[in-house]
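2 protein chains.
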Amino acid sequence: MPRVKPEVLKSLVKSMFEAAGTPAEEAEIVADHLVRSNLYGHDSHGVVRTQYYLGLIGEKIMPGAEVEVVQETASTAVLDGHWGFGQVTGRVAMEMAIEKARETGIGMVTLSNVFHTGRVGEYTEMALEHDMIGMAFGGGNQPQVVAPTGRTRVLGTNPLAISVPAGEERPFRLDMATSVVAAGKMSYYLSEGRPVPEGWILDSEGNPTTDPADFRPRLRDMVDSYAKDRPLRERGSLLPFGGYKGFNLGVFNEIVGAFLAERGQERKRGGFAFIAIDVSKFRPVEDFKRDVDGKIRTIKASERRPSCDKVLVAGDPEHFTYLERSRKGIPIGERLWGELIEAAQKLGVDAEAIVEEEAV
Amino acid sequence: MPRVKPEVLKSLVKSMFEAAGTPAEEAEIVADHLVRSNLYGHDSHGVVRTQYYLGLIGEKIMPGAEVEVVQETASTAVLDGHWGFGQVTGRVAMEMAIEKARETGIGMVTLSNVFHTGRVGEYTEMALEHDMIGMAFGGGNQPQVVAPTGRTRVLGTNPLAISVPAGEERPFRLDMATSVVAAGKMSYYLSEGRPVPEGWILDSEGNPTTDPADFRPRLRDMVDSYAKDRPLRERGSLLPFGGYKGFNLGVFNEIVGAFLAERGQERKRGGFAFIAIDVSKFRPVEDFKRDVDGKIRTIKASERRPSCDKVLVAGDPEHFTYLERSRKGIPIGERLWGELIEAAQKLGVDAEAIVEEEAV
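Protein sequences, first through last, are from chains A and B.
Note that our numbering has the first sequence beginning at 54, numbered continuously upward.
Note that our numbering has the second sequence beginning at 54, numbered continuously upward.
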């Protein structure tokens, strides 16, 4: 698989969004977000989304849209994103939560009319440089997750992210779907023709299965269905993480993410809630960080058990991937790379020049 | 197993705390809390704790202690419980969070120097009558939980509770340990002489086991160890719920529950954080409740899958137990009942009169 330098990838993707009519500063934010997702190993939220987003511009994504403050108190706000890039409006929302936390100790901002914000960990990490805790709840996207004893899809994969500043240790950074795994993984297993691990998905009857096509149809099945007028296999569902407990945390994500943000407009697609907590309003920041460091060290020092990998704390997997990819470049599938270059050229972007210039 | 009317149990327990020097209004709160825990089926937080608490009065529990406001902003506060009953100081903290949320949309209050608050769901439920969302995070109690790939205890069972008001449906009420199960369950299996289900505990070497004595020594082993001067079997650990994700949510609970509350005193025992969110500052309450109702109905209407129980939403298990126990009385083991009566008599409480009067 070819590896591409992060700067090259960002420059290419940014140029593409600009060529499609996105203001330069927004294109910068979106490209930066996508490439950082790749750097952290969250490829499903990385540059693979470029063409998807480009295709929705003017329809579900409105570059340059103004964020509107619908309701506001000293510590809270409700924002209408007016379908601007989620990567842009999400930052506006989190910045506002941080400002409010600086004044009153805690700030909470919800955001509606937003299509996709990308990796939600991005926003909670914004709190770190202010010595604040950041939280983000996404809720109400397309139902894909089944209740622990249920048979049908009832809940989105509703992501949850939390960032906490540490002292000498790396920050604590949790960024997770409330399903067992992100739905994007199924596409990967489908394209690789491999079965998924047990305990991830159910078929449409609610039976455990390891065939990713039970969850999401293969492209050739869709073509077949169309050509031969045969019904497609019904779609299965993703299991929630952590059974009853994890499922209900997913439900809560929808409650704060969507129901506290929703503006009742036609093109509903749920929403997001962002919380910032100013550590200094509770304890001296250095004391707090020392305690966080201590906990992280205690956990990492706990011996790993027989036949297990080493003990990790939230943020470690992303960190190790980041180190490797910053150094060696981001692995991009041949097909995706080809498609990106082609799409760039169609938009009039001189992809070759970008690739060459940055390679120097 | 004998069943005791909730009012009888509450009257008995309240009299015992009063006889042990607890102010009447505090004894009322603690007794009410313990009995409601039983009514909801959380027996490990119910009247079984009575003698334990009584034994700690004057040592780790100081009836009548004043709660001190250590630090305060418009939306946050740090409280020192000064080792008053957790059931009392926890209510003070949540009431303050609710007041702040009424002013600024969201309130967050942390509480340190608190021994045990009982069932944390109790506090989040206080938000419901104000049309607010309540959250509670407990962190930093005795380490019993192992990291997903670890071998030794590194984390408390750090409880998390969330309550959300609904319209015609019952409120959403999640009240959970961040371990697979509460540690109290092991005592039950030990006393019953039964193996625990797979996936709950590890032995001291980090190997999966179903013998509860691998987690916590049997009383007779402790006596044996003492009498014959033999070392006790090393203690094993509880697994976290939901693997890497659930474990790190438990870590976060400790961060907000303990590290944002800790006052660095000698008798540290972690702490609690309470958050109240005023729904009306985000959306019209009726719209919000209609959406919560809708979600609860969608989930419950999703067909249950082959060989599974019916689909439940957070709060359902507690509700069904509550209905049954309010009607039929609370099941109390013969031994526990005998011990309570005896302890009451030693305290000079006329247990027989209470039992008879309420039975009329």
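Source of the hints: derived by calculation from the structure; they are not laboratory data.
It cannot be assumed that every hint is accurate.
No distinction is drawn between identical chains; accordingly, a pair holds when it is met within one copy or between any pair of copies.
Unchecked claim - Here are the simulated EDC-like cross-link-like pairs (lysine to aspartate or glutamate), alpha carbons at most 20 Å apart as the crow flies:
hint, residue 1, residue 2
1, LYS399, GLU71
2, LYS58, ASP340
3, LYS353, GLU221
4, LYS353, GLU148
5, LYS381, GLU119
6, LYS381, ASP264
7, LYS363, GLU258
8, LYS381, GLU287
9, LYS58, GLU387
Since the copies are identical, ignore which copy is meant and state whether LYS381 and ASP264 lie within 20 Å (CA to CA) inside a copy, between copies, both or neither. neither (33 Å within a copy, 48 Å between copies)
What label fits LYS363 with GLU258 when the C-alpha limit is 20 Å: within, between, both, or neither? between (38 Å within a copy, 15 Å between copies)
Within a copy, between copies, both or neither: which one fits LYS381 and GLU119 at a CA-CA cutoff of 20 Å? neither (38 Å within a copy, 60 Å between copies)
When Cα atoms must be at most 20 Å apart, do LYS58 and GLU387 count as within-copy, between-copy, both, or neither? within (15 Å within a copy, 71 Å between copies)
Measure nothing new, just compare the shortest in-copy and cross-copy C-alpha distances for LYS399 and GLU71 to 20 Å and report within, between, both or neither. Classified as within; 13 Å inside a copy, 81 Å across copies.
Measure nothing new, just compare the shortest in-copy and cross-copy C-alpha distances for LYS353 and GLU221 to 20 Å and report within, between, both or neither. Classified as within: same-chain Cα gap 14 Å, cross-chain 47 Å, threshold 20 Å.
Go through the copies and call it for LYS381 and GLU287: within, between, both or neither, with a Cα cutoff of 20 Å. Neither: 42 Å inside a chain and 46 Å across chains, both beyond 20 Å.
Tell me, please, which holds for LYS353 and GLU148 at an alpha-carbon limit of 20 Å: within, between, both or neither? Neither way: LYS353 and GLU148 sit 32 Å apart in one copy and 38 Å across, limit 20 Å.
Could you place LYS58 and ASP340 in one of the four classes (within, between, both, neither) given a Cα distance threshold of 20 Å? neither (39 Å within a copy, 48 Å between copies)
Violation of the numbered hints given earlier is confined to hints 2, 4, 5, 6, 8; the remaining hints are satisfied by the structure.
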